Every structure is written in C-alpha cells, then in structure tokens.
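Participant: Start from the sequences and build out the full structure, keeping to the hints where you can.
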Amino acid sequence: MKYLHTRITEVTYPARDHALLRFAAAAEDIPAVPGEFVMIRGDWGCHPVLPRAFSLVESGAHGAVLVKAIGPGTQLLESMKVDDELVVFGALGKGYRIDDSGLRPVLVAGGVGVAPLLFLARELAARGQRPLFLYGAGTEHDLPLADEIAEVAELIITTEDGSVGEQGLITAPLQRALQDGADSIVYTCGPNGMLKAVAGVSQSHNTPCQVALEAPMACGMGTCKGCAVPIPDGSFKYVCYDGPVFDAEVIYGAADE
Amino acid sequence: MVPLMSERLRTSLGPLTLANPFVNASGTYGYGVEYASFVDVARLGGVSVKGISLLPRPGNSPPRTCETSAGMLNSIGLANIGIDVFLAETLPQLRELGVTVIVNTFATSIEDFVELAARFDNETGIAALELNISCPNVHAGGMHFGVSGAAAAEVTGAVRAVTDLPLMVKLSPEAGDIGEVARGVESAGADMISMINTIRGMVIDVDRRRPMLGQKMGGMSGPAIKPLGVRMVYEVFQQVSIPIIGMGGIASLRDALEYLMAGATAVQVGTANYSEPGISLRLADELEAWCSERDLTVTDLVGCAQGD
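Same order as they appear, the protein sequences are chains A and B. According to the working numbering, the first sequence holds residues 1 to 257 in order. According to the working numbering, the second sequence holds residues 1 to 308 in order.
Derived from the structure by calculation, the hints contain no laboratory data. Quick caveat: nothing in here was measured; it's all calculated off a predicted structure. Where is the CB? At the ideal position from N, CA and C, for every residue including glycine. Treat the hints with care, as some may be off.
Stated by the list, open to error - Straight line, CA to CA, 30 Å or less: simulated DSS-like cross-link-like pairs of lysine-lysine:
1) Lys237/A - Lys216/B
2) Lys94/A - Lys196/A
3) Lys216/B - Lys68/A
What the hints assert, rightly or not - Computed footprint of chain A on chain B; a stretch qualifies when at least three of its residues, placed anywhere within it, have a C-beta under 8 Å from a C-beta of chain A:
4) 230-240
5) 267-281
Facilitator: What follows is the structure in structure tokens.
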C-alpha cells in the first residue's frame, strides 16, 4: 500500500477518447498483481470530489492506467499532460489468482476492461505461456491496446458493428474456445452484462472463471462501504476489498442454484 | 510536522482536550486502523469511528454513493461490525496505535443508546462518545431524535445518566430549529456538539428515469454544503455555551478557519478523506504555520467572526 503525491511522466492515446497515463512510483516500486487497482485524483479543486478507481495496466517503477473519458472526472484525467500532479493510492484490492495447475488461460475483455487483462497477459507471457485473448467492443474505436495484446497473446477481436474482427459478441468465440476440449480457466473484465454472460458460458463448460467487477467507489479501501454488490445468499460483497476479482460463482451463484 | 502537543493547536472541549483541532469524521475513515500503514493516525486530533450499533448492520441496497456538484450523496445505511467485534478486535488496535478515539454510536431506541453507552463506559482508550441522532439513511429511528429539542434532550439525558465519558451529540441540519435542538442537548448534559451531519438529497439517472441511489435519497456531503454548516455553527454558537465541533465540506485550511471563526472549537473532516487520506495532518501543519505567522492560537480564533 502506497500513498503518492506524484506526477504524470507519459501520456499516450491508444484509441479515441482513451488515454494511457504513466506516473512515477517514487522511491519504492508499486507492488501489484494483475486485477489490483489504484485510486487517482488530479489537482483540480473541489469538483468532482472523489478519486477514481483504475485497474493497473503496469506496476513497478511506474504505474500506468487506462482512462476512457466518460464523465467529468474521467474527462479531466483524459486531458491531463506530462508533469501534471496526481494523488495516487494503491495498489488496492484482490487481483486475479493466476492458475498454476496447467489450465489453458482464456482472457476475455470488454472495452476498457482490457486494462487488467493486458497486465495479466504480460504476466503469463513472462511465465512462458501464450494465452488466448478474446477482445470485444462496440466498434473499432473502442479497442485500445490491441497491438500490445497481440505481442503476448493469440488475439481474437469481435465488434458489434463488424467494423473490425468478427461481427457479434465476445461470447461466440468463447463458446468455440471452450468446446475444443482443452481444460481452461477464464479471466474476464468488462461491462456487467458481459461479465455475467461470460460467467454463464464458462459455467456451462465447467470452466473456472474469475470476474473483475466495477462499482461506484469513494474510499477504495473498505472503509466507506459504498461499493456493495448483492450476492445470491442475500449478503453483500465489497468490490474494493473483497474484490475487485471474484470467482464467478461467488457473484452469480453455482450452476444448480 | 505537528508535534503531538503543539501549544498553538491544542484545543479544549470541556472534558476533552485534543492535540490539534482536526478530527476525521465518522463514516469517512472506517475505524482508523485501515489507514495506519500510511497515515500517522496517532497525530490526528482524533478519529470518530464508523458508527457502532449493538448488532452488526449489513447496510442498504446499492448503489450507495454518487457524486454531485462539489459533493456526493451516500446511503450506506450505517453498515458496521457491531459493538462486540469493535470492542474485542478494533478498540485494542486503536489503543495500540495511540489514536484519540471518538466512538460514534447509533441506535434506533433510547434503550439501545443507553445499553451501548453503558458498555463503552467500561472500556479504556475511548476519548469521547459521539451520539449520532441525525443519520438520514435508516428508516427506523435515526434522524427523528435529532429534529426536535425534546427528543434530542431525552436521549442525551438517558445516555448521560449511564456514562462519565465526554459526551458529544451530532446534530442534523434537517432540524427545523437547530438552535432548539442544541439547547436541548446542552440542558440534558451533553459536553459538546458536533455539527452538521449530512442533509438529504437526490440525483436522478435521466437515462433510467429513476433516482440514482438504491434508497432513492442519500446524505449530501462535501464542499457544496460548507456554507450551510458554517451558518449553522455561527447561529448555534450564540445559543449554547458548550463547545462545537464544526463540519461539512472542509477540504482546505481556509474552510477550517471559517468554521473556527464562526464558533467551532474543533472541526471534523469527512468527504475530503476520500481524495486524500492524510488531509487532516496536512491541514494541521498548515494551520500551525498560519497561526505561527500571526502569533495566534486556535483558541484565539474560536468565534472571532461573531459580533458586528
């Protein structure tokens, strides 16, 4: 856990309305596993008040996060420049638990959910694996970092409008991949509807699946109790410290429920 | 760096003396222990812990938070670990860390408030008890104690009878006459007043055409409510003689100075903790420098904006 007043060291624009912000980690590296996140806020006065949660794309001597400009906070972050000040704390939460039993890794990303999965794909590559990476988006403009993925993984793209890759949803190539017989594990991150669909396909093939959730968050570290998600037994899990990565059945229930 | 006891910053609230006037507000800093690995929590003026009830509470249906212009809404619903776990596991950690602990406590009946207070009274390491009679986010009880002087006095008096701990009562800005509530709790034996709790607000999700929060309404906090809090502290200061801990939207030194000058003897910092968990220590350092340049103490500032 680190708490940094730092500066942006590099900004790149991997797709329309997306920025990849790199920042210095100061004296010690930021230790993180893929799926862990940081809370980030710029020096922009009192609106918006809350920091924003971002999965790390990189950790170590530099941190990096992928920002898609959607609301006021992400628009401000997306427009930041090198040397702008950032308050960063992290890494936070519980990331992906990387299988070491020999299952074939299948990574399934939707849009900006690519961030922790690129980190994971690079981690797997460093272990000598070349994962299957299924990457879905609405259109060709919402596929940041696809080139970086292709360097470390076997990449299949789907778009809903067919502007690039296969036309349709990411669950179609996932069905094919899980039907081919190899024992697999699915790691996924993206919009809630996609996560539920990916978990369902995985479950129908008796394939373990880990989902990275997103929720509105204020503190990022378990104190405000804002990021509750209801689970099948009627209780709540907290995305920021029980997750953001969960075994899919914890969130969606087991097959026989 | 603020020494643990700076003469300029030390502030006295009747039976409670704080090393500096910055307390982290209940609900925005967990139990304090979560921040100990990267904030020197012992140097804070105090930590008002997440409101403790007799039984653990799971909290409200999500979404529980959303942002507003220069502020936010929350409808957490007082999710907390309950008094048993707090006393067995959390309070010993706070004692070990040397935190000035203000125990915020919440109940929906006078009997439960009394039981909580009696149990806290037996413990060591509690600097003060803060009664939350003003939470807008629970259906039963909660705020109704805080909107009438008679009801507020009744619960305060019942708790006063069972504890010698310094007693702080947290007031709601939703009282029709907050001065009447303040006078009520003073007459019933409160040692100090903290104010203001959040005020209910709503955000509509225009795409879904429904309120954004799961509970529809939530308590509004952050810089947007600061003028409301400062005005109410200014008014209540004229009506009671017990000290006031001011809060609502403090995010800078100037914000804290406004509350002190309006009549607060100490302040609580809430929503700003989310963007900067060490902000209270930074503001304490800035206040020390500000006072030093002018050869003033915090006590010199309290209520100095009153009068013509």
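Participant: All hints are to be evaluated individually against the structure, with a verdict given for each.
Facilitator: How the hints compare with the structure:
1. Among the hinted pairs, Lys237/A with Lys216/B is consistent with the structure: their alpha-carbon atoms are about 21 Å apart, no more than 30 Å.
2. Taking the CA atoms of Lys94/A and Lys196/A, the gap is near 19 Å; set against the 30 Å cutoff, the hint holds.
3. For the hint linking Lys216/B to Lys68/A, the alpha-carbon distance of about 28 Å falls within 30 Å, and the restraint holds.
4. Coverage of the stretch 230-240 of chain B by chain A is violated. Counting CB-CB distances below 8 Å, 0 residues qualify, and the rule asks for three or more.
5. Against chain A, the stretch 267-281 of chain B contributes 8 residues with a C-beta closer than 8 Å to a partner C-beta. That satisfies the three-residue criterion, and the hint holds.
The structure fails to meet hint 4 from the earlier list, while all remaining hints are met.
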